[in-house]
Amino acid sequence: MDYFRKYLSTPQGTAGQPTGVETVERLVDRVQSSTLLDDRRDAVRALKAMSKKFRLEVGTQAMDVLVQTLETDRSDSEITGYALDALCNVLSNEPLDDDDESNMPANLPGDLGAQFTEIFTKKHENVSLLLSLLEEYDFHVRWPTVKLLTILLTNKGKDLQEAILVSPMGVSKLMDLLSDSREIIRNDALLLLTQLTKGNTNLQKIVAFENAFERLLDIVRDEGNSDGGIVVEDCLLLLTTLLKNNSSNQNFFRESSYIQRLTPYFDLDSQHTHSQAGWSAQKVTNLHLMLQLVRCLVSPNTPQQQVTACQRTMFQCGLLKQLCTILMASGVPADVLTETINTVAEVIRGNLQNQEYFASVMAPSNPPRPAIVVLLMSMVNEKQPFPLRCAVLYCFQSFLYKNEVGQSQIVTTLLPTSSDANQITAGQLLCGGLFSADSLSNWFAAVAMLHAIQDNGTQKEQLLRVQLATSIGSPPVSLLQQCCNILAQGGRFQTRVGLLQLLCAWMIDSPITVAHFLANTANVPYLITQVSASDSDENESIVQGLCAFLLGITVLYNDEQNETFNKSSLRQIIEKRIGLETFTEKLSQVPKNESYTKAAKKPHVSYKQSSEVTFDYEFTRIFKALEVDALDAVSTDAGRKENKAKLANLQQHELVVNQYKDIIQEQDQRLNDLQQQFLELQSKHSMSGEEIRQLKDQVQQLKDQNSLLKVQKGAQSNPAADARKDEEIRSLQDQLEKMRLDNANKDSAIEKLKTDVTVLEARVVNSSEEDKENIVPSESEILQNTISRLQSDLQELRTSAAEKDNEISRLSVQNNEAEGQIQSLKQRLESNAETQADPAQLAKLMEEKMTLQERVKKSNEENLKLLDKFNKMEEEKNSVVSEKEGVLEELDTLKKEQEDLLVLLADQDTKIANYKKLLKENNIPVEDDDDDEDDDLDDDLDDD
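First residue of the sequence shown? That's 1 in the UniProt record's numbering, and the numbers climb one at a time after it.
Some hints here could point you the wrong way.
[Stated by the list, open to error] Okay, derived cross-link-like pairs now, PhoX-like style, lysine-lysine, Cα gap no bigger than 20 Å in a straight line:
#1 Lys-383 / Lys-608
#2 Lys-198 / Lys-147
#3 Lys-661 / Lys-684
#4 Lys-402 / Lys-661
#5 Lys-592 / Lys-576
#6 Lys-598 / Lys-624
#7 Lys-602 / Lys-244
#8 Lys-661 / Lys-383
[What the hints assert, rightly or not] Beta-carbon label-pair distances, calculated as ranges:
#9 Ser-256 / Asp-535: 44 to 52 Å
#10 Leu-918 / Asp-892: 34 to 42 Å
#11 Lys-205 / Gln-676: 52 to 60 Å
#12 Ala-281 / Tyr-607: 50 to 58 Å
#13 Pro-333 / Leu-580: 53 to 61 Å
Honestly, the hints are just simulated from the structure, not real lab data. Predicted, not measured: the structure shown is a model, and the values here were computed from it. For glycine and all other residues, C-beta sits at the position ideal for the given N, C-alpha and C.
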């Protein structure tokens, strides 16, 4: 705030009256010291009243107090509203009334509001406070909060965007304003969101995914689509901001089927399309914005894949049909018609299906004519508005873009035909415009014809067949020769520039056209005269540069059939009559021109005035691609070509080296990942081994317990129990045999895996023998060691699995024996009970039974636990085996990929050896360790 103190030195009040500074100071003190809410409210109300006339004083002294009021007295909507209004007045840069300005200090800075805004937004908690106030539904709090946020965004947009971006739920709170039932808040929220999303792609994405498209299109529909008021305009502005140059939002808009919702917008009433009476200024504005919204989705600056998908959707939902209906309707204002033509151009550009549909559109005239013909009639009519003629040319170019069928249709209308001579065709209109008295029509027709033959050698040859009747009784001349004749006659600047661009595009990649051009002996002298002339003005320098370019093309695509003007003779003529330096200088003047730079930016013909029309976008691409080639074609400097070839080879070599570097880096990364996976497998295997050892100890304990039980109860067996025991043992043997079969299957699977590893090892050895000279030893050793470790681990797993199966089998047999002994003891007890045996003996037997049952119960519980652990171990074993199989597959893949690098690595070793040899020859010491390592590695390869 110290910055503003120099502005606060106001004169003392007259007759003892306090100055504005003193009054503000007292009010601030009153807000800070008053304990009653009414007193603070009155003071804040007074500050609000002074905030317009005394912006500087209130801003410097009361801003912090007002923010504090928003925090402490938030529960009172009235004082909160006064504080927000005061802050709006202080931070706003809107012009004041004349009376207020007369009382303001004359030396105040012009950007006072922006400076206060910077102070306010330095504390991000201030912005968070305002966002939290949006949760209040009270009108006197929410509305001034929206206005204050809009002012902050207007003054310091980027700072506030960053603050809102990092604020939790900040965008969601702003989006909730669109659902407010009070229209004034909703409408101001539209302006706020438009200001918020300008130039910030991240905020645009967040707002879009907060269901902004759905809400905005609902508002547009509810407000009456194109017949709506300013609210529709604000919605369309926000939609355009969200979609323009944001491919993510465009994709989301298309995938969510919002393009289909645009179609009813262009369903205009017939009374509107036949009379301009229903076209209000707001309706025209709304239609302009909606057309710009459509163009955002299909603009040539958008990624082609996205454009194609949107174009296909627009055709399927009938949007293209609606636009063509407006295009052919009568009574449409000129500016709306112009924008509609531009929109149709981008909807059909490069899309064959849409281009075919456009070719089938007929104008509702008598007799009906194709829409293309009607549009071309407007283009060559000098009475039509200039923007409309530019839009028609752009639409015609878009219709022919990557459309060989359309190009053929246009060129066919130029050729002799047996059709009705009274029917107007596109070819007739183009020829009429090409040779009319209006220079702008000449340029439009020449550029349109350029696009009809662009990148199409067949149509270039067909165009050579076109014959024109220049006058009654005179023989017809070819179109090519007539263009040359008009050039030789001089004429206006735009006529010559248009014809030169057409001739250049016509002769590129068409030696037959060049031959026809050179057949007229007057053409080359004309070009030589133009290029060798001295510069007179900017326009003439452009014409001379284009003549030089055309002359270079005649050399570049010369078929050597014309002895007078073959490549060698043309080079000699250029060198003697013009000079290579002059030729180069004339050629280089073309891309330096401002019109060239402007035309090269985008395909859309966007000239503001007819006098600016010079270059076509497609021609700038042609010129840029062939400028150097044309210059080289007329140059006799062989060294220049050799240097160019060397440079190309060097660049190609560097490209290959960089590609191999990337491949090596990628392989290193994969190898590191594979080694990491193998270490993890080893760790898991170690843990599995430890658990197996613990399981063996527990099984041994159970074996000892069961042996003890057998010794204690061996004498108590009887024949019947032995028979049942034998039967149970046979059953257990069957189960054991089944378990052995399962174990054999597991052994077979492990043996198969071992075989696969052996095969892989054999492949590695064979590969090593075949490419012995190229394999890097370190890589081979790593692969061999890895395979050996995998074999060892698999063998351990197989052995451990077999041991576990044997132990479990023996444990199961012993457990069943113990169960048989219990059953025998039970029968003996029952027999003793029947014969009324001695009670003491019976009690002893019962005690032994209970003891044995308790031991068997504990044994069963421990067995169950061990079985659970065994199952887990089995699952982990299978997982380890699966992971190791994946490792083997990855190693196989790595082996194949490394084979592609062996030659490069071998070359590298050769170079290193040569460098060492050179060092030794120059008596520079070389470490022996390196040589020893190489020898050792070579020995290892020999052993393999």
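Holds or violated: Lys-402 to Lys-661, with C-alpha atoms at most 20 Å apart: Distance of about 38 Å is beyond 20 Å: violated.
Check whether the Cα positions of Lys-198 and Lys-147 lie no farther apart than 20 Å. Answer holds: Lys-198 to Lys-147 is near 17 Å, not above 20 Å.
For Lys-661 and Lys-684, compute the direct alpha-carbon distance and say whether it is at most 20 Å. This hinted pair is violated, its Cα atoms lying about 35 Å apart.
Decide if the proposed pair is consistent with the structure: Lys-598 and Lys-624, CA atoms, cutoff 20 Å inclusive. With a Cα-Cα distance of about 14 Å, the restraint between Lys-598 and Lys-624 holds, given a limit of 20 Å.
Regarding the pair Lys-592 and Lys-576, is the alpha-carbon distance no greater than 20 Å? 26 Å, violated
Would you check the hint for Lys-661 and Lys-383, treating anything up to 20 Å between C-alpha atoms as holding? 64 Å, violated
Given the hint of 53 to 61 Å, check if Pro-333 and Leu-580 actually sit that far apart at their C-beta atoms. Once the Cβ atoms are compared, 55 Å apart, the range 53 to 61 Å for Leu-580 and Pro-333 holds.
Please check whether Leu-918 and Asp-892 have a Cβ separation lying inside 34 to 42 Å. 40 Å, holds
Would you check the hint for Lys-383 and Lys-608, treating anything up to 20 Å between C-alpha atoms as holding? 17 Å, holds
Mind checking the alpha carbons of Lys-602 and Lys-244 for me, to see if they're no more than 20 Å apart? It holds: about 15 Å lies between the C-alpha atoms, which stays within 20 Å.
Holds or violated: 50 to 58 Å for the Cβ distance of Ala-281 and Tyr-607? 26 Å, violated
Between Ser-256 and Asp-535, does the C-beta distance stay in 44 to 52 Å? 58 Å, violated
In summary, the numbered hints that this structure violates are 3, 4, 5, 8, 9, 11, 12.
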